[in-house]
Amino acid sequence: MNFLTLRIKLDTDVVLTERNASIGSPRTLDYIPGAALLGVAAESLYKELPTADAFGIFHSGAVRFGNGVPEADGLAALPMPLAFHRQKGVEDEVYLNMAKNNREPQKQYEQCREGWLLDRIDASGLSVPSVTPARSSSMRTSVDQHGQAREGLLFGIESLEAGQTFIARIDADDSTHLKLVEKALVGNAIRLGRSKTAEFGEVSISKVAAVVFAEGRLAQETAVFLCLSDLALRDSRTGSVRLAPAATDFGLPQKWELDLSHSFLRTRRYSPFNGHRRRPDQDRQVIKAGSVMVFRRRGDHEASHEEVNATLHRGVGDFRQDGLGQVRLEPSVLRLDRIKLATKPISEPAAAAPQDKLAGWLIDCARETTEWDMAWRLVDKTASDLQKFNLSNAQWGWIRTLAQAAHRQPNAAAWLQKQFEQATLPAPTLKERKLAEERKEPISKDGGGRALVWAARRQKESARSEMLNWMMNQPPADLAMRTEMLAARIVQRKAAERPR
Amino acid sequence: MSHLVQRTLEFRLLTWWHPGTGRGDGATADAVAHRGADKLPFLPGRTVKGLVRDACRVGVEAELLPEATFMELFGSPPPTANNSDAEFERVRALEAARFGTAPGSLRFSSARIGSTREDQTRWSAWARSQANDRTGVISHLYSYVASTAINEKTGTAKDHSLRTIEVVVPLTLHAFISGRDDTPWDVIGESVQLFLRGLGSHRNRGFGRADVHLVTT
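For the record, the sequence lines run as chains A and B. Note that the numbering used here numbers the first sequence so that position 471 is 471, with each residue one more than the last. Note that the numbering used here numbers the second sequence so that position 210 is 710, with each residue one more than the last.
Careful: at least some of the hints might be erroneous.
[As the list claims (entries may be wrong)] Now the in silico label distances, taken between C-beta atoms and shown as ranges:
1) A:Glu43 <-> B:Glu563: 45 to 53 angstroms
2) B:Arg705 <-> A:Ser465: 51 to 59 angstroms
3) B:Asp530 <-> A:Trp376: 22 to 30 angstroms
4) B:Asp686 <-> A:Ala189: 19 to 27 angstroms
5) A:Lys207 <-> B:Val591: 40 to 48 angstroms
6) A:Asp380 <-> B:Gly636: 18 to 26 angstroms
7) B:Tyr644 <-> A:Ser332: 52 to 60 angstroms
8) A:Lys357 <-> B:Glu589: 49 to 57 angstroms
9) A:Asp122 <-> B:Val591: 45 to 53 angstroms
Honestly, the hints are just simulated from the structure, not real lab data. All residues carry an ideal CB built from backbone N, CA and C; glycine is no exception.
My request is simple: use the sequences and hints to build the entire structure.
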């Protein structure tokens, strides 16, 4: 077996649209099509090679450029098998493998269609890691020389995010072809996908140790196949597209039958874009990756493991050079009756701050924000304590003005505390005088003599002493700021609590 | 494969700037700034290409650069259609035009914080590691500017004209341009320095003023 395993790391975002339309916002594929790798190799090799070799590598299927699939934990992921379903409307993390289970007539099921999973089952025998490649999208337009958006050129771009890695396997019948392909792909500056001239498409390709899938199990009565890539079948008699798989497609005896009640197929139609000719290629109608096909034996026709493996190794159907036709015999996840998909939480590793002015400025801003946040929480608590003194908004406004003036003093904290210590009680207001006259109570210049006024004065005195106590406990550098915040917060709380 | 040469393009932003997305985020801002998955602001590579192309287009008019060289560097112009045509004809014309375009020889990266690719990777890794940081250290790169239209007769704000946009602090970004050996780098550098004065939206209102030049190696 000649094959090469490559790791493809996305150095920038990469756009690999599932259809080549320029209108609308087509979604990006969540894998790297083998055809994209074929295109890169062809760009550098095609002109140098004799026609026969060029045909052999790029058109005959003798070299099969497999899709780049998401890598996680050093493993190549499998496309989500379409056999996994869960009951509709029921919040359940467990999915039933309907390739093994029978549908219950009264229940409705929803299929799990998106994502990838690793062919690795945990100790519980139930949980399987799932992988979802990260995508991002944005709206773009063309801008004319006047800075205005051109009409009719608004479009969306969805891309695979940079930093992700994919694993691709390239199989070849001839090892010399494989060496040429390796030279064209590994270690060169490569761009894939759309919008390659600006912003997108930069990847690094390196050769890695072989990723060999465990051999699938071929039971006596049943064969279960998972499409790792799209499958393009053709009717050998008429040449037309065929979407119904037959047993012989997979090396099974002709009499084995497709069990439709336990098989799950989805199809799609697309037209690949040939970058060299800059034209779309012929339309393709394919069975989608992730489709699960269950064949059952009829009669005495026994299947040969060697025949099945040889067929699967060659690839099934058409366009095998583009990576279509990769099929696997019953991976271990499909042997389970049910699975639970385990999503790995994303945690970014710690990284040191860059050593430049901008990073330093950001860190200072963040520190100041933290100090403000801490002060605010403290002040909020103090505000609820001091509200009981029932001082007026005007008086809190006076305190706030003092705090703002303190910022201009050389020693803000000391100055502010002195203002509070030396502040004399203000003379009775006009309202207090009138009230005293009405009640025929005596009132002195300093406000003494009236019970109501005494109570108000005592309250103000208590408020002043509590404020002074609080101020003594604040860091001097922050005192003016916190006092200002406190005064503002109390007025804000009073306004919020006022009945509407 | 021909040998590619790389040059660094430095964008020194002198004022607050707004890399538009065409999107708002509801109550906070009518227009949010473009940022990457790492939450750092950046200028998309397609925007960088457009800005350099526009500057070089003025360079062609100023006879610094031949038209043929301009087409070779930047490729075919974006397709246009006669706006008076029916929708179907307009779309058909655009679709047909895309098969007749030719790519340019220059390759542009996005303009990001960090003067080298390694610095940009370090910045991105640090920004991602701050994602759960409650101080929101990266958020200090952004601020909001609110503005309103004034009724010329009354001098008061017009109703329903309040608009808030998210802007980015003045900072320096670097992008990388790759081209063939025979690329006229000096002319591109001259055009960019002379004719590329601002970027992003609201340039007529003081945002996005920039000093751009090709870094000599």
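List of violated hint numbers, smallest to largest: Those not satisfied come down to hint 1.
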